[in-house]
Each structure stands twice: as C-alpha cells, then as structure tokens.
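Enquirer: Okay, here's what each chain looks like letter by letter:
Number of protein chains: 2
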Amino acid sequence: MDEPMDYASAGVDIDLEGSAVASLIGALSRSVRPAGSPGAPVDLPGGFGGLIEFGENLLALATDGVGSKLSIATSLGQWGGVGIDCMAMNVNDLLCVGAEPIAFVDYVAVPKPDPAVHAALGASLAEACKRARVTLAGGETASLPGIVTELDLSGTALGWLPKGEAITGENLKEGDVLIGLPASGIHSNGYSLVRKIVEHAGVEYTDPAPFDPEHPHRSLERWTEGEATFGEVVLNPTRIYCDPVVDLLNEARGDASFSIKDIHGICHITGGGLSNLLRLHETLGWAITSPLPVLPEFQWLQRAGGVETREMYRTFNMGMGMVLAVESRQATNMLNWLKERMPGTAVVGTVTNDGHKVTHATEGVEFSHY
Amino acid sequence: MDEPMDYASAGVDIDLEGSAVASLIGALSRSVRPAGSPGAPVDLPGGFGGLIEFGENLLALATDGVGSKLSIATSLGQWGGVGIDCMAMNVNDLLCVGAEPIAFVDYVAVPKPDPAVHAALGASLAEACKRARVTLAGGETASLPGIVTELDLSGTALGWLPKGEAITGENLKEGDVLIGLPASGIHSNGYSLVRKIVEHAGVEYTDPAPFDPEHPHRSLERWTEGEATFGEVVLNPTRIYCDPVVDLLNEARGDASFSIKDIHGICHITGGGLSNLLRLHETLGWAITSPLPVLPEFQWLQRAGGVETREMYRTFNMGMGMVLAVESRQATNMLNWLKERMPGTAVVGTVTNDGHKVTHATEGVEFSHY
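Those protein sequence lines, which keep their order, are chains A and B.
Taking our numbering, the leading residue of the first sequence gets 60, the next gets one more, and so forth.
Taking our numbering, the leading residue of the second sequence gets 60, the next gets one more, and so forth.
Some hints here could point you the wrong way.
[What the hints assert, rightly or not] Between beta-carbon pairs, the in silico distance windows are:
| no. | chain 1 | residue 1 | chain 2 | residue 2 | range |
| --- | --- | --- | --- | --- | --- |
| 1 | A | Lys171 | B | Pro267 | 32 to 40 Å |
| 2 | B | Ser96 | A | Ser316 | 24 to 32 Å |
| 3 | A | Ser316 | B | Gly223 | 38 to 46 Å |
| 4 | A | Gln358 | B | Asn309 | 55 to 63 Å |
| 5 | B | Pro221 | A | Gly234 | 42 to 50 Å |
| 6 | A | Gly136 | B | Ala67 | 23 to 31 Å |
| 7 | B | Pro221 | A | Gly423 | 56 to 64 Å |
| 8 | A | His415 | B | Glu280 | 39 to 47 Å |
[Claimed, not checked] Some but not every residue of chain A turned toward chain B, in silico, with C-beta under 7 Å:
| no. | residue |
| --- | --- |
| 9 | Val91 |
| 10 | Arg92 |
| 11 | Pro97 |
| 12 | Thr122 |
| 13 | Asp123 |
| 14 | Gly124 |
| 15 | Ser130 |
| 16 | Ile161 |
| 17 | Ala162 |
| 18 | Thr194 |
| 19 | Ala196 |
| 20 | Glu199 |
| 21 | Ala201 |
| 22 | Ile206 |
| 23 | Thr215 |
[Said to hold, decoys possible] Derived DMTMM-like pairs: lysine to aspartate or glutamate, alpha-carbon spacing no greater than 20 Å straight-line:
| no. | chain 1 | residue 1 | chain 2 | residue 2 |
| --- | --- | --- | --- | --- |
| 24 | B | Lys222 | A | Glu115 |
| 25 | A | Lys222 | B | Glu115 |
| 26 | B | Lys222 | B | Asp314 |
| 27 | A | Lys189 | A | Asp306 |
| 28 | A | Lys320 | A | Glu386 |
| 29 | A | Lys416 | A | Glu341 |
| 30 | A | Lys171 | B | Asp65 |
| 31 | B | Lys171 | A | Asp65 |
| 32 | B | Lys320 | B | Asp102 |
| 33 | B | Lys416 | B | Glu229 |
| 34 | B | Lys255 | B | Glu370 |
| 35 | B | Lys320 | B | Glu224 |
| 36 | B | Lys171 | B | Glu199 |
| 37 | B | Lys171 | A | Glu209 |
| 38 | B | Lys255 | B | Asp65 |
| 39 | A | Lys222 | A | Glu115 |
| 40 | A | Lys320 | A | Glu310 |
Please keep in mind that the hints were generated in silico from the structure rather than gathered at the bench.
Everything numeric in this text was worked out from a predicted model, so none of it was measured.
The C-beta atom is built at its ideal place from N, Cα and C for all residues, glycine as well.
Given only the sequences and the hints, what does the whole structure look like? Please build it.
Expert: Below you can see the structure in the form of structure tokens.
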C-alpha cells in the first residue's frame, strides 16, 4: 500500500464534527431551572457535562449510539452484541463522573420493523441490563424508511451519586497512579477505519480470523462452532465496566481502606483513543509507561492497513478501555481490589506535570490535544 | 381518487411494528435492581412503564423521535421546529404519569455533520428547553453515512414525582369529566400519510396554504413573510403541555381546592389518535361528545386524500393533543384554571362504563382497541 490509512481518510471528518457540535452548543442558552431545584445543571471544574441536581443527590444522563459497528452486525445478521455495545458506550461514560448507572432506554430506527431483528436486540439489551445492573425503563422503535437504510441503535443511561462526591478531576495531581482496565476488543469506536481496512485487505467476516485471537484477559462471544471467525472478533461486545467500578465506588464511599477522595479521575477510552485522557485536566500530563498488552486484532489492523502507530492510539483503545487515576498511597490497595474482580487490570503509568500531553512507552505516541 | 387513503397504505404497518416491539419486550427479563433500591422498576396498575424508584421519589424516562416529519423539514431546509417536536413527544409523555420533566438529552444521526443544520437544531432545542422548562443535560451527534441518508433526531426526557403520587388510571371511574387541550397542528404523528396525500394532491410546501390556516387557539411559527405557506402549517411545532400541566400538578399537590387525587388520567394523543385513550384503563370507555374544533389542515388532508373520518381520528390528533380525565366535582375548577393558561381548553366528554371503547360525536368514529 502506498499511503498509510488513517481515520480521516476513512471518511470521518473530526474537525467538521467538532464544529457542527460547537454550533449546536453555541445556540443553547443557560438552563431555565434555577440552582437548588430538581434538574438544575451542575457545573463541574473539569467541564464534565450531564449532571443535574436532585435534592441531596446528583443525577447524570449519558446518550450515545453504537455507530458504524452496526453496519457490520447488520451485514452478518448478528445483532446479539450490539445491545451490549450500546449499553457500554453509555454506562461507561456515567462511571467517569462517579455515577452508578440505574436505568436505560433504547432508541431503534429501522427502515422496516423485523420481529427477528427485534428479538435479537431484545436479548442483547436484556444481557446488557444484567451486565450493567440497570433497569430497562423504556424504549422506542421508529420505522423511518425515508431516513435510515438499515438499523440504527442508540440509547440513554441514567445514573446517580451523592452530592459532593462527583469525580471531577479537580483532585488530580502529579504522581497519581494510572490503573488500566483491559478491553474486550475494538469496543465501539473506529469502525469506519476498520471497515476500510477490511475492504482493502479483502478479508471476509465469515472467514476464520487471519490471526490468533486468543488473549488472556478477554473471551470472545461466539455464534459459530470451531475456529473463531474474523466477524466474531470484530463484533466482540464492548466491555461494561460497572462491575467492578461501581463496586469500587461504593466500597470507597463505605468503609474500605481507600476513600472516594482517592479516586481522582476516571476516563473511558472511546473515539480519540488515549487523547481522551486530556479531557480530565487542563494542565497535567499522562505518562503511559507500562501499557496493557495490545489485543491481536489491533496488531492485524495496523499491519493490514499500514496504519501509523500514533494513529492507532488516537483511534482505538488498543487493549485498555478505561483508566483510573488514583492517589499513589492507595494505588496498591485499589489495584489489588480491582485485579481480583477484573484480571488483567494493571498499573500503566502516572500523572505528570510537565505539560498537557499524553506520552507512551512506544516512541512517537504522544498527544497534546483531544 | 378511487381508493381512500389510509395510514397502512402510506407504508406504515402498525401490526408489524407491534409484533416487532413485542419480540423485543418478550426477550427482556425482569430488572436486576431489587425493589427499594434506586432504579428498581415500578409496576403501575395501568401498565404504564418507564417509572423507577429513587428514594422518596419516582423518576420517569421517556424516549422518542420526531419521525418522518423530519423529512419534510429537511426537504425545506427548515429545522427550527423539530427540536421542539422532539422535546414535545417526550415531555408530553412524562406528564401522563404525573411527572415533572426536568432534563433532556438529544441524539442526532446525520450522513455528514453540517454546522448550519446543527446551529438550527441547537436554537430549536434551546427554545424547546424554555417551553418545557428543562435542562439540556447532554447530547450526541453521530455521523453515519452508511446508515442514515438524512437527519434523524430523537431524544430522552427525565422527569420526577413524589412516590405515591403517580397518575396511574386506577382512580378512573364512570362520570369522570374529560378536559381537552388544543393542539397547535399535526404535531409529530401521521406524517407518512401526510406526505402521501400531499404528493397525490401535487401541492408544494412552499406554496401558500390551500386553505385558511387561521384558528383561534394556535399561532403559526413562520419563516416567511406574507401569506402562510403550506409548509409552515404542516411543520408548525408540536405543542408542549408542561405549561400548564406541570403547574396544575403542582397546584394540585399544594393547597388548591382540587387535589392530585382528582386527576384520574392524562393522555397524550399521539399515533393512534383517540384510540390512545384505551391505554389508560382496561374496561372503562370514553365518550367524546363535544370535540374541540378540528384544525383546518386536517379538514384539507381528509378532503385531498379522501380519507375516511374514522381513519383521520385514528391517525391524527384532529385538534386535541392532550386529554385529562378528572373527578367530576372538581371539573369546573380545573377547567377554569387550565382555560386561563391555555385558551381553547374545554370539556369534551365523559368516562363511561359500557364497554372498553371510544365513541365520538361524529358517527362512525368508534374504537375498541388501540
């Protein structure tokens, strides 16, 4: 291949998206709900959004869809994982402010309703509710033949936390320890590039994976017998981190040796890869000195697409789906607590104070803006 | 025209939709959140969904989209009303269980982001937040070129109410008085049929409306000068009933002469038209003896499409977007309270006990299932 592939050449214009969203936000005025009343917006130092007041508590909403991973699921007729993906994208975001997810609603848009597809989605959402430990509190199926050409799935999750206990990033400081939680696969970001690479490589999703998909800290959710197919690896559902993170938050708010104040930041590694860390603080930096092992599908994608290493880390999770920044004195305690519940969890680096940037053990992998 | 038009011939298969949704719901197991914990589902006698426990309160979620009304807005490049439509579809649903809407999140799916469209959506959502008196607590814009061919917009609203004060339909009884609230237009349902009729009639949305759109209890939101265009009538934003219904609920929970127990049922007239009333109770009936005046666009649509009257009332709101069923002894008090805040509000009928059906002053308009 002459030119290395990247996310922009896969048809996603991140700058255009950013300016479209800025236009939308720019048009919004302040909330009409006064401070202290239910629904009043909460301004957090870290600039996190989505939190509102509710008496002695805060409520948090997160809304997101599965994106172009859906197109692969649809082409294979395999929707068993997409409900889990949809749930994960939302509840994992809620965890980042220290909220416990409690309820979820789904929105399904289809050109034409198909009971078989809906049964598969229902089963997937039911499993997702179990993993995230939330109630499915409603949903909507819209038939929009003029607007969608195939299934779109999105959802909204609701979470809560006690007032004054939000994780805002304001306690982050140099020397904080970064704990990485392992990913189960590509999760739900970067699929425009995945599809472009796969098309270029001429691999079929129904073929056996063109690499050994074994990895100690994830299992594949299979729908075939025998050798794992490429499609099963690519569609492996996004990991939901409620277990163990909600339990860690509750333990920290209870009588564990560590406290909620020792958890300084939580980051969900989504589109933008490691550069997501820069959203947690305006000046501090992030040194990833001992990264989690890279999942084999990322190695294959990089090779097959001739993608630069830095671009890989800016697009994909590369094997780490969530990062906690914790007080160094409590890092071992929390690490052990987490490792017992999620094997593969490890210390991956520290918070630094020599510039607002992410650095990485791999040379050339450095980010100074999200 | 040889054959009268109806909703099914416009390409919407309600039975197929129902069976698809049933498949999805059938696959869902019970919630994993135990009774008494935040997020535990609340089973209401009337079978309403979406309510969850939260300490001394209940929280309610509603999720819905704008549907094919969006295609008309997109074809005209006029998105100023669709944020209001999206908000209305959700918050009006929350009012039906007696919840006060407090927050909203939007989900936008586009083939490609366009800052101008997003600025228009942002302005529309900002106005919607004011009308519904909620905080915009987040949102997501997804670029899905392979899945959507034009803008899709949906959203989720969050509301709350004190435990024990949900409006469930369990207090409904024969003789309850029905109070109708006027609609502002077609609202956000039945647009597949609207588009089919308009296409058949050969009317352009940019032409002056082929009828007098004046109506005492609604005003058109205009983007042209001079004579109102057909498009302005068809796209007139859905009425948001938070003001006056939230105030009525608060007044009833406070020291008004009427109490919350006097409000026995609230119905949002959406797809399915008057048959929505049947969802409120399993055995009682609904006699609409003095309907609100029909909006002129419905009269035109019926004529232009040769649509049967019964089909019109099963597809459109026909001029009444919300119905309250109240204790007869308090009906005059509540009517006067509402009329002062929303002119055009009137008593439209009573709850009956001779079969689970809706009857209407217009002969032939009768429904026995939703």
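Enquirer: Each of the hints needs a verdict: does it hold here or not?
Expert: Going down the list of hints, with the structure as the test:
1. A/Lys171 to B/Pro267: 32 to 40 Å: holds (36 Å)
2. B/Ser96 to A/Ser316: 24 to 32 Å: holds (26 Å)
3. A/Ser316 to B/Gly223: 38 to 46 Å: holds (41 Å)
4. A/Gln358 to B/Asn309: 55 to 63 Å: Once the Cβ atoms are compared, 60 Å apart, the range 55 to 63 Å for asparagine 309 of chain B and glutamine 358 of chain A holds.
5. B/Pro221 to A/Gly234: 42 to 50 Å: Holds, at about 47 Å.
6. A/Gly136 to B/Ala67: 23 to 31 Å: Since the Cβ atoms of glycine 136 of chain A and alanine 67 of chain B sit about 27 Å apart, the hinted range of 23 to 31 Å holds.
7. B/Pro221 to A/Gly423: 56 to 64 Å: Between proline 221 of chain B and glycine 423 of chain A, where Cβ atoms are some 58 Å apart, the hint holds.
8. A/His415 to B/Glu280: 39 to 47 Å: Distance hint for histidine 415 of chain A, glutamate 280 of chain B holds at roughly 45 Å.
9. Val91: holds (5 Å)
10. Arg92: At about 5 Å, which falls below the 7 Å cut-off, the nearest Cβ of chain B leaves the hint on arginine 92 of chain A intact, so it holds.
11. Pro97: holds (5 Å)
12. Thr122: holds (4 Å)
13. Asp123: holds (5 Å)
14. Gly124: The hint holds - glycine 124 of chain A has a Cβ within 7 Å of chain B, the shortest such distance being about 5 Å.
15. Ser130: holds (5 Å)
16. Ile161: holds (3 Å)
17. Ala162: holds (5 Å)
18. Thr194: Constraint on threonine 194 of chain A satisfied, holds at 4 Å.
19. Ala196: With a closest approach of 5 Å, the alanine 196 of chain A hint holds.
20. Glu199: OK, holds: glutamate 199 of chain A within 7 Å of chain B, min 5 Å.
21. Ala201: holds (5 Å)
22. Ile206: Interface hint status for isoleucine 206 of chain A: holds (5 Å vs cutoff 7 Å).
23. Thr215: holds (4 Å)
24. B/Lys222 to A/Glu115: holds (16 Å)
25. A/Lys222 to B/Glu115: holds (16 Å)
26. B/Lys222 to B/Asp314: Measuring from Cα to Cα gives roughly 18 Å; hence the hint holds.
27. A/Lys189 to A/Asp306: holds (15 Å)
28. A/Lys320 to A/Glu386: This hinted pair holds, its Cα atoms lying about 8 Å apart.
29. A/Lys416 to A/Glu341: With a Cα-Cα distance of about 10 Å, the restraint between lysine 416 of chain A and glutamate 341 of chain A holds, given a limit of 20 Å.
30. A/Lys171 to B/Asp65: Holds, at about 18 Å.
31. B/Lys171 to A/Asp65: holds (18 Å)
32. B/Lys320 to B/Asp102: holds (19 Å)
33. B/Lys416 to B/Glu229: Holds, because 17 Å separates the two Cα atoms, which is no more than 20 Å.
34. B/Lys255 to B/Glu370: With a Cα-Cα distance of about 15 Å, the restraint between lysine 255 of chain B and glutamate 370 of chain B holds, given a limit of 20 Å.
35. B/Lys320 to B/Glu224: holds (8 Å)
36. B/Lys171 to B/Glu199: holds (14 Å)
37. B/Lys171 to A/Glu209: holds (16 Å)
38. B/Lys255 to B/Asp65: This hinted pair holds, its Cα atoms lying about 9 Å apart.
39. A/Lys222 to A/Glu115: Status holds; Cα separation ~6 Å.
40. A/Lys320 to A/Glu310: With Cα atoms ~12 Å apart, lysine 320 of chain A and glutamate 310 of chain A stay inside 20 Å; holds.
When the structure is compared with the earlier hints, no violation turns up for any of them.
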